[in-house]
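In terms of the working numbering, the sequence shown opens at residue 1 and continues consecutively.
Calculated from the structure, these hints are not laboratory results.
There could be a bad hint or two in this list.
[Unchecked claim] Pairwise CB distance ranges, derived in the manner of DEER restraints:
no.	residue 1	residue 2	range
1	45	75	19 to 25 Å
2	19	54	24 to 30 Å
3	13	78	21 to 27 Å
4	35	55	29 to 35 Å
Keep in mind that this is a model prediction, so the values were computed, not measured.
No residue lacks a Cβ here, since even glycine has one placed at the ideal position from N, Cα and C.
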Amino acid sequence: MDYRKFGECYYIRMDRDDEIISTILEICKKENIRSATFSGIGGCKDAEIQTFIPETGSFEEQRISGMLELVSLNGNVVTGENNI
Numbered sequence: 001m002d003y004r005k006f007g008e009c010y011y012i013r014m015d016r017d018d019e020i021i022s023t024i025l026e027i028c029k030k031e032n033i034r035s036a037t038f039s040g041i042g043g044c045k046d047a048e049i050q051t052f053i054p055e056t057g058s059f060e061e062q063r064i065s066g067m068l069e070l071v072s073l074n075g076n077v078v079t080g081e082n083n084i
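Whenever a hint applies, use it, and build me the whole structure from the sequences.
Listed below in structure tokens is the structure:
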């Protein structure tokens, strides 16, 4: 993983086998970032898809593997003082 800061933005290049969410959180902790939005594209070899089921209040999880194209990655990071 490598990242650079340009103005108020950070650009991250992840390596094969880097876990996306933990890598983003690692950078947020290192750079003392308390809230952020992120977006990205790329590829991955496996993914876990979670679907919220309102009737049960729980998540269904499905794991997929193979040559996967990540065409859209969007999210938010919001932390408290004791969170990350």
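Status of each hint after checking the structure:
no.: 1; hint: 45 <-> 75: 19 to 25 Å; verdict: holds (20 Å)
no.: 2; hint: 19 <-> 54: 24 to 30 Å; verdict: holds (28 Å)
no.: 3; hint: 13 <-> 78: 21 to 27 Å; verdict: holds (24 Å)
no.: 4; hint: 35 <-> 55: 29 to 35 Å; verdict: holds (32 Å)
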